[in-house]
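Based on these hints, arrange chain B on the given structure of chain A.
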Amino acid sequence: MAKEVFYSGCAAAAYGAKFSRVEVISSYPIRPYTGIMMELSKLVANGDLDAEFVHGEGEHAQVSIAYGASAAGARAYTGSSGVGVTYAMECYSPAAGGRLPCQMAIADRALDPPGDFGSEHTDVMSARDQGWIMGWAETPQEVFDNTIMYYRIGEDPRVMLPQFCCQDGYFVSHIPGKVILPDQKAVDEYLPPYNNPHPLDPTRPVSHGPQIFPDQGPAIDLQRAQAFLDTPKVIAEAVKDFNKQFGRKYSPFVEEYMTDDADIAFFIMGGHARTARFAVNHLRKKGVKAGMVKLRFVRPWPTEAVAEALSKFKAVGTIETSTSYGGAMRGGNLIHEVRASLYDLPKRPAVTSFMAGLGGEVVTLNEFYEMAKILTEAAKSGKVKKGVYWLGFEPD
Amino acid sequence: MSDFKFKIPKHLEVPMGAVIPAPVKENPGMITGNWRTERPVIDHEACTLCLNCFIFCPDACWHLDEKTEKMMWNARYCKGCMICVNECPADCLTPQNELDFPKGVVRLDKPF
Numbered sequence: 001m002a003k004e005v006f007y008s009g010c011a012a013a014a015y016g017a018k019f020s021r022v023e024v025i026s027s028y029p030i031r032p033y034t035g036i037m038m039e040l041s042k043l044v045a046n047g048d049l050d051a052e053f054v055h056g057e058g059e060h061a062q063v064s065i066a067y068g069a070s071a072a073g074a075r076a077y078t079g080s081s082g083v084g085v086t087y088a089m090e091c092y093s094p095a096a097g098g099r100l101p102c103q104m105a106i107a108d109r110a111l112d113p114p115g116d117f118g119s120e121h122t123d124v125m126s127a128r129d130q131g132w133i134m135g136w137a138e139t140p141q142e143v144f145d146n147t148i149m150y151y152r153i154g155e156d157p158r159v160m161l162p163q164f165c166c167q168d169g170y171f172v173s174h175i176p177g178k179v180i181l182p183d184q185k186a187v188d189e190y191l192p193p194y195n196n197p198h199p200l201d202p203t204r205p206v207s208h209g210p211q212i213f214p215d216q217g218p219a220i221d222l223q224r225a226q227a228f229l230d231t232p233k234v235i236a237e238a239v240k241d242f243n244k245q246f247g248r249k250y251s252p253f254v255e256e257y258m259t260d261d262a263d264i265a266f267f268i269m270g271g272h273a274r275t276a277r278f279a280v281n282h283l284r285k286k287g288v289k290a291g292m293v294k295l296r297f298v299r300p301w302p303t304e305a306v307a308e309a310l311s312k313f314k315a316v317g318t319i320e321t322s323t324s325y326g327g328a329m330r331g332g333n334l335i336h337e338v339r340a341s342l343y344d345l346p347k348r349p350a351v352t353s354f355m356a357g358l359g360g361e362v363v364t365l366n367e368f369y370e371m372a373k374i375l376t377e378a379a380k381s382g383k384v385k386k387g388v389y390w391l392g393f394e395p396d
Numbered sequence: 001m002s003d004f005k006f007k008i009p010k011h012l013e014v015p016m017g018a019v020i021p022a023p024v025k026e027n028p029g030m031i032t033g034n035w036r037t038e039r040p041v042i043d044h045e046a047c048t049l050c051l052n053c054f055i056f057c058p059d060a061c062w063h064l065d066e067k068t069e070k071m072m073w074n075a076r077y078c079k080g081c082m083i084c085v086n087e088c089p090a091d092c093l094t095p096q097n098e099l100d101f102p103k104g105v106v107r108l109d110k111p112f
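Sequence lines, in order, name chains A and B. Just so you know, we're using the working numbering here: the first sequence kicks off at 1 and counts up by one. Just so you know, we're using the working numbering here: the second sequence kicks off at 1 and counts up by one.
No lab work stands behind these hints: they were computed from the structure. Predicted model only: the values in this text are computed from it and were never measured. The beta carbon of each residue, even a glycine, is placed where N, CA and C say it ideally should be. Keep in mind that the hints are not guaranteed to be accurate.
To be verified - In silico BS3-like pairs for lysine-lysine, Cα to Cα no more than 30 angstroms straight-line:
{"no.": "1", "chain 1": "A", "residue 1": "240", "chain 2": "B", "residue 2": "5"}
{"no.": "2", "chain 1": "A", "residue 1": "233", "chain 2": "B", "residue 2": "5"}
{"no.": "3", "chain 1": "A", "residue 1": "385", "chain 2": "A", "residue 2": "289"}
{"no.": "4", "chain 1": "A", "residue 1": "380", "chain 2": "A", "residue 2": "312"}
What the hints assert, rightly or not - Here's a subset of chain A near chain B, in silico, CB distances under 10 angstroms, partners left out:
{"no.": "5", "residue": "208"}
{"no.": "6", "residue": "213"}
{"no.": "7", "residue": "229"}
{"no.": "8", "residue": "345"}
For reference, chain A alone in the conformation it holds in the complex:
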């Protein structure tokens, strides 16, 4: 029977892995994601989860172990935070190019210098172009659900890609919330066992990651690109089945909140979406027609869904919790993709971006009100004054 518990994002991820029946887990400590491995090691030690628990000698080894296990045919699970994520950077492309659907739980953390424990999306956003499926969760419940859903999506024979299952460090990973744990049988029905079509097997020797000729390079890149073109369809199916099986209400790519008659909208992903909801509620009471659009997948980027959701507004502000120093809009990453998604539309909203939550600072309600002021002005004039605002650090 399903039961209701009170879990942090870390515990929710660990239990998501347990319910997914992961077979190999590789760990290396770095906070805040470490909580996930602490929980999993307890589950393995107590005999609640039958999995091989391997300690990597660093994050590079950790991800290598995970995709090696995936190559051998095991459902593999690993994770990291902050500089740990970037230390393993070399391993991401081989896992994706080898089409090995292991999963990496990310509780994100600001990168150095000089040393910051706060949540920021930049760590794993730097790996967004390596060929992994990637998305953020807003609550511990969504962390738990995404863990199971991502395995189903990544292991689909049409996809076969590894996944970054991300949550905001501390804001989600360490603040407990209500989590409904389903029946194991229901999860087993939803998530079939992992089937690697070409496992490492001494009786049928194969080479993984062989040397290829330069001419074959584009061909194999096209294969990966094709897999990403096919993935949205698989995501839509997997989310629909999940909602049916477990009685949830996830939209596959973007979730809209109070957007029906909205003039302005916050475009956001991850834990700060919770604050954004409250901000929208308060703004509505003051008569501001605000809404929120929450992004569920960064990779594959849901171009059509984003265009459809945002085209009805007059002004949109992307909330950037990651940096793209020297990028086209001089701020974050999301605005680049949002503007590109809207470019071909005959009528598009004014789009600006807000640098907020960097280094793990709390994005307060007041900041959202400030954003709403800027967006309302943009909605009136039909254009934005600037492509990026560093809230609280703007000259008067």
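Quick look at chain B alone, frame taken from chain A:
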């Protein structure tokens, strides 16, 4: 978007994930033993056939010849890392400089 398919010319096709049947045998187009400056030399009398060298060699350059019951070394792929020497519990492997051999790789104009 998902209706779109890339067209890959047949001669450039690569299996999914570039996974191919293992060569099992050597690939003569890719000889890599000529990077070596020293090689492990085996004392067959002292060897206990524990197979540590076989297990630890990163290039699969040791194998057991079942007819002669001796460990055989592959000169064409050994890069001289000496991991086998380090791992040998019987101390039957010794590193020896390639210059000590009349046909050592450093003496060849065109190695192999």
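Task: Enumerated hints in conflict with the structure, sorted upward - done: 8
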